[in-house]
Amino acid sequence: VVRPPGPVPIDPVNAPDDLVLVAAAQRDPALFGALYDRYVTAVYGYCASRLESKEAAEDATSQVFTCAFAALPRFQADGGSFRSWLFTIAHHTIVDVLRARRPQASLEAHPQLPARDPDPERQALDRVVAHDLHVLVGQLPTAQARIVELRLAGLTDREIAQVVGCSYGAVRVAQYRAVRHLRELLGIGTEGIDHD
Amino acid sequence: MTDQFRFNGGTADDVPREAERLSHHWNAVVAGQHPAGELEPTLAQTIAELHARAAPAPPDPAFVAQLRADVLQHAATTGSAGMVVVVPADRSRSLVVMPPTRQEPRTLPGTRHAWRRPLAAVAALLLLAVVGVLAWYQPASMVHPPVPFVPAFVATSPAWTAPAIDRMVLRQQFEMLPADAYDTGMALTTLAPDAALALGTRTSYGVGRYLVQVRAGVVTLRVDGSAALTPAGAAARALSPGAAWTLVAGDVLAAPAGTVMHWHNASPEPVRLLSSKFSTMSDIGDLAPYPPTAAETTHVRSRPYTPPSGPFVLAVHELTLEPDEQVPGDVAGPIETLFVERGTLEVIWARRSDPATPTGTFPIRAGSGMGDLGVKRSVLHALRNPGPDRLVLLVQTIDPLDDDVTPQP
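Chains as they are written, first to last, in the numbering used here: chain A, 1 to 196; chain B, 1001 to 1409.
Note that these hints are calculated values from the structure, not bench results. Even for Gly, the Cβ is constructed at its ideal location relative to N, Cα and C.
Pairwise CB distance ranges, derived in the manner of DEER restraints:
{"hint": "1", "chain 1": "B", "residue 1": "A1236", "chain 2": "A", "residue 2": "T41", "range": "53 to 61 Å"}
{"hint": "2", "chain 1": "A", "residue 1": "S167", "chain 2": "B", "residue 2": "P1386", "range": "35 to 43 Å"}
{"hint": "3", "chain 1": "B", "residue 1": "H1024", "chain 2": "A", "residue 2": "L98", "range": "29 to 37 Å"}
With these hints in hand, go ahead and build the complete structure from the sequences.
Below, the structure written as structure tokens:
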């Protein structure tokens, strides 16, 4: 077995910068564990926010870290942060999972999703139903939903722009619209407002 | 002011300003910092509410520990992280000369270099111009009679067999894993009409012999060194250095790594070449085994999950699956990389803890491939042909050799 040049002496606690850990893991893959430990919960949380079951989230998380480990030698810091790179893999993994399932999906499988309806009473009902974040975010246009999910996974606006492959300005505007929409769905600040 | 902003939408200038404030606010929230407080209060409250609802259930500690062990076991076994996982068909499409017919590649971040595309396009055009002039001015002494076409051969003693295996198309035997081998891989290269490329012009592009099979088309080859040509179904013959030969589908060229080979597609039809090799550390980060010029190349790579400890065969098989036919995950175990040559492959995944139960599928279409199957072995349920037509795969395997297997010359 051929091993790359010797391991880089590194203390993950005292040198917590992602890129330092990545550089070390690229030379000594055993140090990938430090990156795994740092992000496994966030990646799992992101997968869980997009997928309907714990098992599906675990499978996706497995694929994300397997892919990340396999592709680590090609990671280049000039392409963005390691976190955005990792979440890009997660994003693509989940897209693949959902795309593969699409033909089997049926409306009956999601009876809890409220329909879009401009009627104020319906919106009020939706607010009651929208106790679940899946349902809330599911009310948004797809692009806005992806941005909110990545935000809730802890990514910054610039990292999200790298993950979804659009401009920083587009992310800002989309998330602004998303938050305004969610504000209404949550009924925040609407007391005493005349909707007419 | 708040209500007016919300329900009237504000002015055109308000939106980007407020969007920027919201972005700064949210950046501070995800960074665990105290936001500056410039954001409209109900928007800030909305963000806080979302994060309160988003607190995810933590992953099962047993799952986290098992996955960590699985991933790092690969590092302990192979000594290195692996390579490509899934390669879209046209990963190097910025260098495509033929009209693109497939979907846009999905590249991993860190591999996007948009600024290189114009430079690559200019370089490709210049190279094409040079190649065109050279092709036009070809000395008569370089033209040789074409090698007659012979039907493809059938492998005599494949070390790996599966029910649907049709034939072995490339085979290279090693007494042991080369000391400088890093990973193994296949490349599928499409040469457009009148396009040319040179292999072996770089100082490092693999170890062992370099094997190339013509999968389709008619191509002219000139080798600056020793090489052997195995016409489909016939015995190998040495090629004279500097002479020009015409190869057809099924022909296999073998040359020591580093031999310079000039390929030229003088026909009006595209030419497809399949190559198989071991890469070295110096190849890492470079998907193509040679400077990609007037060719479209798809490359899949794999770091062997269980490196062979003794003699082995690095082989490429052509595997055919009829509609609904599938290769179970345990039978597909020795596969390191694969290409889909015709049809659409359905990769069926399983849970690591329950390999017998499918959990999801992933389609791979013709022209695309998958690497690192070794590391995915534990979650592979089966490879299946879901379509109505025959599926043709090119699968690369590393087969440990038993003593009683007679090596192929």
